[in-house]
Amino acid sequence: ELYHSLPFFCFLLGKCFKKGLKGKGFVLLVKLACTVVASFVLCWLPFFTEREQTLQVLRRLFPVDRGLFEDKVANIWCSFNVFLKIRDILPRHIQLIMSFCFTFLSLLPACIRLTLQPSSKGFRLTLVSCALSFFLFSFQVHEKSILLVSLPVCLVLSEIPFMSTWFLLVSTFSLLPLLLKDELLMPSVVTTMAFFIACVTSFSIFEKTSEEELQLKSFSISVRKYLPCFTFLSRMIQYLFLISVITMVLLTLMTVTLDPPQKLPDLFSVLVCFVSCLNFLFFLVYFNIIIMWDSKSGRNQKKIS
Amino acid sequence: MAAFTIAAGTGNWFSALALGVTLLKCLLIPTYHSTDFEVHRNWLAITHSLPISQWYYEATSEWTLDYPPFFAWFEYILSHVAKYFDQEMLNVRNLNYSSSRTLLFQRFSVIFMDVLFVYAVHECCKCIDGKKVGKELTEKPKFILSVLLMWNFGLLIVDHIHFQYNGFLFGLMLLSIARLFQRQGLPILSRLVLNSGGQAILPPRLTKVLGLQKRHMEGAFFFAVLLHFKHIYLYVAPAYGVYLLRSYCFTANKPDGSVRWNSFSFVRVISLGLVVFLVSALSLGPFLALNQLPQVFSRLFPFKRGLCHAYWAPNFWALYNALDKVLSVIGLKLKFLDPNNIPKASMTSGLVQQFQHTVLPSVTPLTTLICTLIAILPSIFCLWFKPQGPRGFLRCLTLCALSSFMFGWHVHEKAILLAILPMSLLSVQKAGDASIFLILTTTGHYSLFPLLFTAPELPIKILLMLLFTIYSISSLKTLFRKEKPLFNWMETFYLLGLGPLEVCCEFVFPFTSWKVKYPFLPLLLTSVYCAVGITYAWFKLYVSVLIDPPVGKTKKQ
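Chains as they are written, first to last, in the numbering used here: chain A, 1 to 305; chain B, 1 to 557.
The set of hints was computed from the structure by calculation and includes no laboratory data.
It cannot be assumed that every hint is accurate.
Claimed, not checked - Pairs of lysine-lysine, BS3-like flavour, derived with a Cα cap of 30 Å: (1) B:Lys515 with B:Lys142; (2) B:Lys135 with A:Lys208; (3) B:Lys83 with A:Lys181; (4) A:Lys208 with A:Lys121; (5) A:Lys144 with B:Lys25; (6) B:Lys482 with B:Lys540; (7) B:Lys25 with A:Lys181; (8) B:Lys126 with B:Lys477; (9) B:Lys325 with B:Lys515; (10) A:Lys121 with A:Lys144; (11) B:Lys135 with B:Lys477; (12) B:Lys335 with B:Lys517.
Remember, predicted model here, so these are calculated numbers, not experimental data.
Given these sequences and hints, build the entire structure.
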């Protein structure tokens, strides 16, 4: 749950700041701090008996010895590994520092924005983008962790139905190698289709693809100040959606029906991870853009990161 | 994108319903399947590997071919697709062969054939007039009917878990019913020139010119084809016969609704007869030529089986058997009966052998036939003397199916679906029919529970049943909220009693000591409890048909 912890922290901190640090805000800050510290202490008390004990728990919780990634994950590092075998080239502590830095750099803008302008919608979007940053750049990520990102996306499903549905389709697709191992191909295909049909009929997502609906209006206005011909954003996103869905369907069919070539036995799972990773990068950029160019929170200034 | 929107069907609720239930059926592929799976695999093998002359003689497997020839041809066509999935399933000697590809093929064939059922439901929806246009979608009778038919719990578990091909057969039946409701030509014009009983008030030639005739011939054709797919539909054949004779061959009525004998149309009778004859010739012709008709009939009507199936269908004979058992127990206790005289065979031992009743007189096939005929007769008379157009025909059909279920020989509990599905059409139009339908459906569906006795299917069957029951009751209550409540306290109490019964039979009973002494007790309790409900529904429907005032200017009885 560390994936979600930073937005909580920033949001609550932002609420305290808003109330003014010299009055009610300070009281709120003290109350929150006490609650968090108390629950932490309550959980960890049995393990504080020895220093070695605490360290061992930490070692188990954060298995830095296991390496940057295991098996095939729709992660930046795994995809990068296809071209440049960074897992073998760089020493362990450099990998650790690198992933740490990338993770925090990618989630910093959204978190700072949330601290300065806490709002319910901003909070949920920041949950998404933080969890996604963690998933993409963190250490020892399991494929199932994409569910930690899917959950906040479901929270914004009613506000941005088109992109959320697209994201949820990609997240199920990224789990394909795991589902095939568990022989869950038929149920996963059927439930994905049922979910897609449910979203199409309840949210009528294909009618909500205009710029305004995608929350990209303020962004495209700002870009048009420099590039007056930037009017095709909505259509571009629709084409990207089509391409993405077609690629996913084709890859699923190929994985199920064809056998991989002898020299590259993991070809299909790597392809699945690579395609999912590209999609996730696009979503990371998109969600960050929405957060930064969100004009509904009162102050209309652009954030300088 | 616009095309995709249209294709995705944001406004097309029917496609969404059909697609949704198809996806649900795909999820049910790996569930438990009964011996019927092996039956159909065997028939695929027989029709594929053997010549026609051997089809009704082949007996390597115990599951011999006992459906009429059209079904055999259907299996033959399927087998030519099956050979691309797994060649081994088409070997007659491969008893109980069920590789994953065989399972996939068979399940997909059922799901695929349900397309005909979906089409038939679509046609049936056209026969329902939406009472007030502009209401919310989920309150429209068409929507409720589509859900009640396509998502019917009984059909789902019998076809897609237990494994049978009832979907497309019921599709044929519903299609033939729909054709008897529909007219060629403009519906607007037809409302001007026909009275509410459905009889033309214009001379026949003008009606024909205006193209307002109903599609009776198509209805008759579809039913004839259906009979040669599965002969259980003989249960409802009297309704078809009398209705077509009365309302199609006699082209007009006297003003008071009775028969106008001089309007008998020989042309129509002969054309109907020709249609039926041609269909039968196509089906039985090859076997007549091979002199195999007696063998075919002996396979189709195996009267050597007992009065009741291994699990008693909840009909009149279940109550009869239960009464007999109770009387024999009382008789033994009170020393009226000699223990040596009681036959050893227990009726619930699970074997389909012949047995005798101990206290009450034994029942022969002839007795059941006579009882069935007596039970059908009043509804047939109603259909003849008080014709109410297609709606009256549908009620008579449901009554025929129910009466045959109540008094038939060796009735399978799945036959209750024969009454439930046509009744759905009636339920969305009248409140009285809706309440009868709900009682019939809930008890009928509950009586199907013993078909799925495996543990993994327990949550599935309970949840699906709850889903369907809650939906049907709430939607029909909403549809008829302006009329008096659908259930009185007795009926509510009875329906609620199904819950504790299920809990007792599935959860409490296996842990009691009675499980060893009386292993058949849950089946007996289920069967008897449901028989009460079904008998009550049958009785209520009969009363409503008999005392209903006929349409038009006929004097009330």
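Hint check:
In summary, the hint linking Lys515 of chain B to Lys142 of chain B is not supported, as the alpha carbons are separated by about 46 Å, beyond the 30 Å threshold. A hinted pair counts as satisfied when its Cα atoms are at most 30 Å apart, and Lys135 of chain B with Lys208 of chain A qualifies at roughly 26 Å. For the suggested pair Lys83 of chain B and Lys181 of chain A, the alpha carbons sit about 28 Å apart, so the restraint of at most 30 Å is met. Our distance criterion of 30 Å between C-alpha atoms is met by Lys208 of chain A and Lys121 of chain A, whose separation comes to about 19 Å.
Only pairs whose Cα atoms come within 30 Å are accepted, and Lys144 of chain A paired with Lys25 of chain B is accepted, the gap being roughly 27 Å. Restraint check for Lys482 of chain B and Lys540 of chain B: the C-alpha separation of about 22 Å stays at or below 30 Å, so the hint holds. As the CA atoms of Lys25 of chain B and Lys181 of chain A are separated by approximately 23 Å, the hinted pair is consistent with the 30 Å bound. For the given pair, Lys126 of chain B sits about 22 Å from Lys477 of chain B by alpha-carbon distance, which is consistent with the 30 Å threshold.
Between the alpha carbons of Lys325 of chain B and Lys515 of chain B the distance comes to roughly 18 Å, so the proposed pair stays at or under 30 Å and holds. Between the alpha carbons of Lys121 of chain A and Lys144 of chain A the distance comes to roughly 25 Å, so the proposed pair stays at or under 30 Å and holds. Taking the CA atoms of Lys135 of chain B and Lys477 of chain B, the gap is near 15 Å; set against the 30 Å cutoff, the hint holds. Of the supplied pair hints, the one linking Lys335 of chain B and Lys517 of chain B holds, its CA atoms being roughly 22 Å apart against a limit of 30 Å.
Violated hints amount to a single one, hint 1; each of the other numbered hints is respected by the structure.
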